[in-house]
Amino acid sequence: MASTLAEKIIAAHVGWEVEPGEIVVTPVDVAALQDGTGPLALMQLEELGLVQAHNPAKTVLFIDHAAPSPRKELSNAHVSLRRFAARTGAVLSEINEGVCHQRLVESFASPGDIVIGADSHTCTSGALAAFATGMGSTDVGLGIATGKTWLKVPETFRVVLSGSFPAGVFAKDLMLHLIGRIGADGATYMALEFTGPLTAAMSMPERFTLANMAVEAGAKTGLFAADETTRVFLAGQGREADYRPLAADDGAACARTVEIDAGALEPTVSVPHTVDNTMAVVDAAGTKVDQVFIGTCTNGRLEDLRIAAAIFKDRHRHPGTRLIVTPASRAVYIEAAREGLLEVFAKAGATVTGPGCGACVGVHGGILGDGEVCVATQNRNFQGRMGNAAGFIYLASPATAAATAIKGEIADPREYMESRDNQ
Amino acid sequence: MILRGKAWVFGDSISTDHIAPGRYFHLRTNLPELAKHVLEDANPDFASQLQPGDFVVAGRNFGLGSSREHAPRIIKLAGVSAVLAKSFARIFYRNAINVGLPVLELDTAGISQGDELEVDLAAGTVRNLTRSEQLSFQPLPPVMVKILNDGGIVEHFRKYGDFNLET
Ligand code: SF4
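Those protein sequence lines, which keep their order, are chains A and B.
Just so you know, we're using my numbering here: the first sequence kicks off at 13 and counts up by one.
Just so you know, we're using my numbering here: the second sequence kicks off at 1482 and counts up by one.
Derived from the structure by calculation, the hints contain no laboratory data.
In this text the structure is predicted, and so the values were computed from the model without any measurement.
Cβ atoms here follow ideal geometry from the backbone N, Cα and C, with glycine treated the same way.
Treat the hints with caution; some may be incorrect.
[As the list claims (entries may be wrong)] Quick list of the computed label-pair ranges, beta carbon to beta carbon:
# : chain 1 : residue 1 : chain 2 : residue 2 : range
1 : A       : Ile-346   : B       : Gln-1619  : 44 to 54 Å
2 : B       : Gln-1594  : A       : Ala-265   : 36 to 46 Å
3 : B       : Glu-1614  : A       : Glu-427   : 53 to 63 Å
4 : B       : Lys-1627  : A       : Ala-24    : 22 to 32 Å
5 : A       : Ser-87    : B       : Gly-1642  : 31 to 41 Å
[What the hints assert, rightly or not] Quick list of in silico lysine to any residue cross-link-like pairs, SDA-like style, CA-CA up to 20 Å:
#  : chain 1 : residue 1 : chain 2 : residue 2
6  : A       : Lys-300   : A       : Asn-289
7  : A       : Lys-164   : B       : Pro-1623
8  : B       : Lys-1640  : A       : Leu-60
9  : B       : Lys-1487  : B       : Lys-1517
10 : A       : Lys-164   : A       : Val-26
11 : A       : Lys-160   : A       : Val-63
12 : B       : Lys-1640  : A       : Val-63
13 : A       : Lys-164   : B       : Pro-1620
14 : A       : Lys-300   : A       : Arg-329
15 : B       : Lys-1627  : A       : Ile-35
16 : B       : Lys-1640  : A       : Gly-159
17 : A       : Lys-325   : A       : Arg-350
18 : A       : Lys-164   : B       : Asn-1645
Please work from the sequences and hints to get the whole structure.
Shown next as structure tokens:
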């Protein structure tokens, strides 16, 4: 029987051919917690007398959401994660190391793996052809302790991508467009599987951006085939041995298919307060913006920072618009420093922070005031997301975010990219 | 099991940021305190005026967003006996069952704020006593019934020492 990527990966773990809807108990390859969800998981394990890690080398505790800690309660939560790591030999990813999902793709997740994380954007690792999905604290806690979890084999929702990105249009615009088209519950319970000629041509960072936001359409994971691009990426991380090619079988049945021609897309934003509330940047242009935030597990990678820095070079943020730049990981931070990108941001009037989640989740480092508007490269614009229910969040690509910071209002990045070409 | 209480009506797309706002991140290790702020941004009176046994009644895609298990936990801790919605986001749904909070899928359009409801979990029915109407909800998947009947995934594990999901 022809299998989808999700079916293939799960089947290889349980040892038989699986079908959508089937409930399986499966081994887990990588299990992850972060500082917001981890302490509760550890409390549950303590209650069950299961303070143990089945596979310590692939159990990772990330301190990224509140890093460095802005208050004592969170410092104490961090202490509990450090203690568990010390006791079980699990890997601790400290406050300087970055956002869990970026760290997972850099150092832990591999093609064919089953990855569970107590963070909804765990689906990011799906870009490496890992069945990677977010779960609650207790589910992941049990996965850590026993090396197993249960899953319902999902139906597959295939997204066929063709064409190429016009100037000023990026993977983020494509994903916002897709979510706007199918809705925030358009792929609930399903695995998104990205295929088509454009997919094969996409860089790993572009794939990460798409897979990252699969959950914003309700999906369980967002999968890409593992191909030469995947191999080169893993080799660059010193992990070539973790590579193996993996693709869906031709003719595998899927529940739904959507086709997108990237050539027809425009720079896109999600407007408050849901991700599927999308419109073309030109239609939102002119909205006054108080803060621009560039970073996160969606768009805080080196390639994203390069795109933004190219726009900021020799330009300054608008005096009425604050600018925060947060590299996704330490590796991204170091490389961005080496390439001079951090200097470009600082000169443009940015607050460049250490790696981590930064302002994304409303804990610290960029909380909005009442009525304030933020354009962010993150994945969610829910009411209250950035720490104030009276704030307004627009989601955009790093290029749109950079253009917006310069203009002080939502701006089309092509205005700044084209003028640069003419110089 | 029969549950009785009043309906607290919310709209579509109630996210985990509405249920357990990020600005209370530091209370995640103090669930009773966090529960005092449950759904505060969607209805500021909810947490203080809710009576034990009351229901959260919502529209589409309830619980979308983050994986924070704190969300269903504090709904339950606040005294809510079940959440009724047109549909649920996947991670929230699983978390709710794991922590023993019944989540029922049905057309909630005819239920108004303050309606008295009676839910029969076994029969799959919701009686709206205020409107003398009877609704039925989608049966829970068997695996969810099993975990819920065991009292949540922690109790399930305590009982079997492993996953035992054959139904
Ligand atoms: S960057 Fe934002 S979305 Fe990503 S893991 Fe951190 S808080 Fe979650």
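> Taking 20 Å as the top limit, are the C-alpha atoms of Lys-164(A) and Val-26(A) close enough?
Replying inline: Satisfied, since the Cα-Cα distance of roughly 12 Å is no more than 20 Å.
>> Hint check: Lys-164(A) vs Pro-1620(B), CA-CA at most 20 Å. Holds or violated?
In response: holds (17 Å)
> If you draw a straight line from the CA of Lys-164(A) to the CA of Pro-1623(B), is it 20 Å or shorter?
Replying inline: Roughly 12 Å separates the two Cα atoms, so the pair holds.
> Is it true that the C-beta distance of Lys-1627(B) to Ala-24(A) lies inside 22 to 32 Å, as the hint says?
Replying inline: holds (26 Å)
>> With the threshold set at 20 Å, check whether the alpha-carbon distance from Lys-164(A) to Asn-1645(B) stays at or below it.
In response: holds (14 Å)
> Is it true that the CA of Lys-300(A) sits at most 20 Å from the CA of Asn-289(A)?
Replying inline: holds (18 Å)
>> Just to be sure I understand the hint, the distance between the Cβ atoms of Glu-1614(B) and Glu-427(A) should be within 53 to 63 Å; is that true here?
In response: Holds - the Cβ-Cβ distance for Glu-1614(B) and Glu-427(A), about 56 Å, lies within 53 to 63 Å.
> Within 20 Å, alpha carbon to alpha carbon, are Lys-300(A) and Arg-329(A)?
Replying inline: holds (13 Å)
> Is the straight-line distance between the alpha-carbon of Lys-1487(B) and that of Lys-1517(B) 20 Å or less?
Replying inline: holds (19 Å)
> Are the Cα atoms of Lys-160(A) and Val-63(A) separated by 20 Å or less?
Replying inline: holds (15 Å)
> Is Lys-1640(B) within 20 Å of Val-63(A), Cα to Cα?
Replying inline: holds (18 Å)
> Lys-1627(B) and Ile-35(A): Cα distance at most 20 Å?
Replying inline: holds (13 Å)
Violated hints: none; the structure is consistent with every hint.
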